[in-house]
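Asks: We have chain A already, so just place chain B on it with the hints.
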Amino acid sequence: MENSGPPSIPCTFFFDRGSVAADPDLDRELARKAPGGLRWDPRTRQFRLPAHRWRELKGWLEGRGVPFRYFSGRPAGFRPEPGRAPPLLRPYQRAALEAWAARGCRGSIELPTGSGKTRLAIACLLALGGPALIVVPTCHLLAQWKAALEEFYPGPIAVFGDGRRDLQPVTVMTFDSAYLHLDRFGDHFDLLIADEAHHLAGGDFQEIPMMATAPYRLGLSATFPAEAEERARLEELLGSICYSISISRLAGSWLAPFEVKVLPLRLAGNEQAEHDRQRALFLGFYLPFMREYPRARWEDFVRAASRTVSGREALAGLRRSRSLLAFPRAKLEALDCLLEQHAAEPTLVFTGSNQTAYEISRRFLIPAITCEIGRAERQEILQRFEGGRYRAVVSAKVLNEGMDVPSASCAIVVGGTSSPREHIQRLGRILRPRPEKRAVLYELVILATSEWAASEKRNRADVFRSAPSL
Amino acid sequence: MFSGPLLRYKLAGGRLEPCYLDERYAPLIRDLLLAYESAAGQPYHRLEERLGLFPAFNLQERRLFRGLRKVIEESLCLQYSGKVAPRRIRETVFRLAGENPGLPAEEIFTLAAAALGLGSGEVCDQLYGDLARNRRVEIPSPLPSPGEVVSRYNFRLLQGLLGRCVRLQVSTEGNARAIYQLAKLHGLLLELREASAAPAAPLRLEITGPLALFRSTLRYGRALARFLPACCAGTSYRIQAVLRLKDRQAVLEVTPQDRLLSSHRLPRLFDSRVEKRFFEDFLRLGSPWSILREADLLPAGRTVFIPDFTLRHRERPDRPVHLEIIGFWTRDYLARKRQLLRQLPPVPLILCIDRSLRLDEAPAEPGGSLLGGSPPGDSPLDRFPVIHFTGRVPAEEALKKVVAMTNFS
Chain A
0 MENSGPPSIP CTFFFDRGSV AADPDLDREL ARKAPGGLRW DPRTRQFRLP AHRWRELKGW
60 LEGRGVPFRY FSGRPAGFRP EPGRAPPLLR PYQRAALEAW AARGCRGSIE LPTGSGKTRL
120 AIACLLALGG PALIVVPTCH LLAQWKAALE EFYPGPIAVF GDGRRDLQPV TVMTFDSAYL
180 HLDRFGDHFD LLIADEAHHL AGGDFQEIPM MATAPYRLGL SATFPAEAEE RARLEELLGS
240 ICYSISISRL AGSWLAPFEV KVLPLRLAGN EQAEHDRQRA LFLGFYLPFM REYPRARWED
300 FVRAASRTVS GREALAGLRR SRSLLAFPRA KLEALDCLLE QHAAEPTLVF TGSNQTAYEI
360 SRRFLIPAIT CEIGRAERQE ILQRFEGGRY RAVVSAKVLN EGMDVPSASC AIVVGGTSSP
420 REHIQRLGRI LRPRPEKRAV LYELVILATS EWAASEKRNR ADVFRSAPSL
Chain B
0 MFSGPLLRYK LAGGRLEPCY LDERYAPLIR DLLLAYESAA GQPYHRLEER LGLFPAFNLQ
60 ERRLFRGLRK VIEESLCLQY SGKVAPRRIR ETVFRLAGEN PGLPAEEIFT LAAAALGLGS
120 GEVCDQLYGD LARNRRVEIP SPLPSPGEVV SRYNFRLLQG LLGRCVRLQV STEGNARAIY
180 QLAKLHGLLL ELREASAAPA APLRLEITGP LALFRSTLRY GRALARFLPA CCAGTSYRIQ
240 AVLRLKDRQA VLEVTPQDRL LSSHRLPRLF DSRVEKRFFE DFLRLGSPWS ILREADLLPA
300 GRTVFIPDFT LRHRERPDRP VHLEIIGFWT RDYLARKRQL LRQLPPVPLI LCIDRSLRLD
360 EAPAEPGGSL LGGSPPGDSP LDRFPVIHFT GRVPAEEALK KVVAMTNFS
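Sequence lines, in order, name chains A and B.
Read in order, the letters of the first sequence are residues 0 to 469 in numbering that gives the first Met the number 0.
Read in order, the letters of the second sequence are residues 0 to 408 in numbering that gives the first Met the number 0.
So that you can see chain A by itself, here it is in the shape it has in the complex:
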């Protein structure tokens, strides 16, 4: 119970499956004036609001002197133990923490990969001292967060997800588990920390912060969305971005200095001819379609194309032209050359698909980390990579986000999407500072193909425009 009063007080609220419900006899006039999205629920004949807006309503009630009671399902004594000494923060981390505290401990912080987001979040958690829930996108991050917390917090740290269902005043939970179960525990925590918070800007996962009453919130990401709508959504759920610092500002001091080198390559004569033939098949259908329906989306095109013989040939042509670009001879030779050139440096190779990752793994005898490789094996590979027993690791997507590979200093992008976010995340993998370290990211791009345009698109982000490049 948060605010106890005499039993005759009519204004009572309680946590109810991801929402906060009012007692059925709540004064309707009061409900009409109240902020926080309080709505009449005809199903249960009471007013109800999404849990994340309880703080706003509570503040309003307190501000107007309206007496109320709040019944929480939080078990008695559900409080974390006192933490050890908080982590020492770097100047920009301290500035971020102060900015967050100045906004009432509610907001998001944008820091590049490798600049110590976890450490900063632990400092926030220890400073507040209340029960805290950390939500993370992957099972790998569950273990990573638990290990980081253990350094500063002596109490039990619960892991919820990946087959485990433990709940403690300090709990790390996967997005998937939080989406399915937070409606039962959403009122247990004072602080909600969302790692890789950009995933909560849209789709189903945006309901995770909605189901929690936590008045204090911290969103962490290296790449918050640029779209106004998604930013506004995150602002409502986690608070606005209160601190942001770019890779370029930290490179050379708190992050390793780096170079980005785009290596333009050419297909072999026969490969180019075949690529152009397949591409022409695609464009022969695609361009007239887009001229006729300039507002059509990609799925509209696919739907229309699959209805005719020439459309299906166009789609097949697109698939074949893409597969020719995945790992042609020129990329193979360039990769061979680069791996030899950087034989002494821990190297990450990024591909566009798992198939290409396995092909590279077989040819160069470097381990592949994909979603098909078991977690224990992935962990073992990363440990050996960190220990210097493997000189390189190849991956399609798994290494893009969240995995900690501090020793890596060279990245070779063989393939991927045109997304600047993916590109920034991949660059971030090699930026953890080390004395004398100079990171380098190579991008293998086939000239005179769609890859060139994709590369230009992903390099449009500020960090790449300002980076030294070849």
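These are calculated hints, taken from the structure and not from any lab test.
Where hints are given, some of them may not hold.
[Said to hold, decoys possible] Output of the computed footprint for chain B on chain A, the stretches with three or more beta carbons under 8 angstroms from beta carbons of chain B:
#, segment
1, 146-160
2, 300-306
3, 351-364
Note that beta-carbon positions come from the ideal geometry of N, C-alpha and C, so glycine has one too.
Replies: Here is chain B on its own, set in the frame of chain A:
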């Protein structure tokens, strides 16, 4: 349950029509099953190559094909049959490659083969032998018949569509308790809707979750999809689901005409011998009143009351009479029942009370007897007609009471 990319449906005027399969697809399914059978013992990627030869001309056909594959592959096992686990092979190969930089791959494979007791070709072949596409196909038990594949496909298609459900409305007869219990289990809200004016209108329930008030959320879709077996288990039902598909909504309707198989077993018909006997005795009377077990939910304050029996006259099914038997009991049970009955609005309900309980006289709690309470008028015994019985509920007396209450003989 099918995921989004496998769902096949047509949309017309806000209504969704699932693309169910029927016997016309049997030849295609038979060919597919033959392809699977002949792939037994081969690597899965060979099977994939063979399946790639099946014509799938457009998006819908590719979806159909993938759905059928999913259904059939539920009966397959993919096995790795090598002598050494691929993880160990990889660990050896990559370790040797790290220790011997500059050594050609063939030589590393030879070194690894010697260390593992394998041929060097085997090391190369089995390096990723545990990936699904490299495993061998095993068929442990006979594959389903084309008819079974059709049934399973249709059921999974419908479950997949209901997984996109934001609101579910069920009209059902005789299965109310199972649905009610499932809703409670999944933390969903169950709302009783006004029955339609049509005669014999069945019970209408609307099932959603608390957050559906704020957002057309899919978070209850999976739980709502689990209702499907319970809803389809009865003989008479109608499901109306509001689905969210990308950026639009559509309504899906399911009735027994859709011929869906349900794996759900109806709950045990009778809780006690007394109920069973009464049911049989009532049927034996041959009256124009039909008798249904736990077929209705009555709103009782913020909860519901499920009477043991609902009686409906052949010509006036819109005016049911409910009957509740209070036989075996505990003190807590009676206290809860009293609370529930107190909250019931005036409804035609008959209470049949075991005489041995002596409820109206039983000294029990401070403040009154168990069902008969004080102050006067507050007791359910004052609000609803009562039949006392010993051992067997008198069906004839019950019928007389029903007739007296409704004037329908």
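Asks: Run every hint past the structure and note whether it holds.
Replies: The hints, checked one at a time:
1. 146-160: Violated: only 0 residues of the segment 146-160 of chain A have a Cβ under 8 angstroms from chain B.
2. 300-306: Since 4 is at least three, the answer is holds.
3. 351-364: It holds: at least three residues are needed, and the segment 351-364 of chain A offers 6 whose Cβ sits within less than 8 angstroms of chain B.
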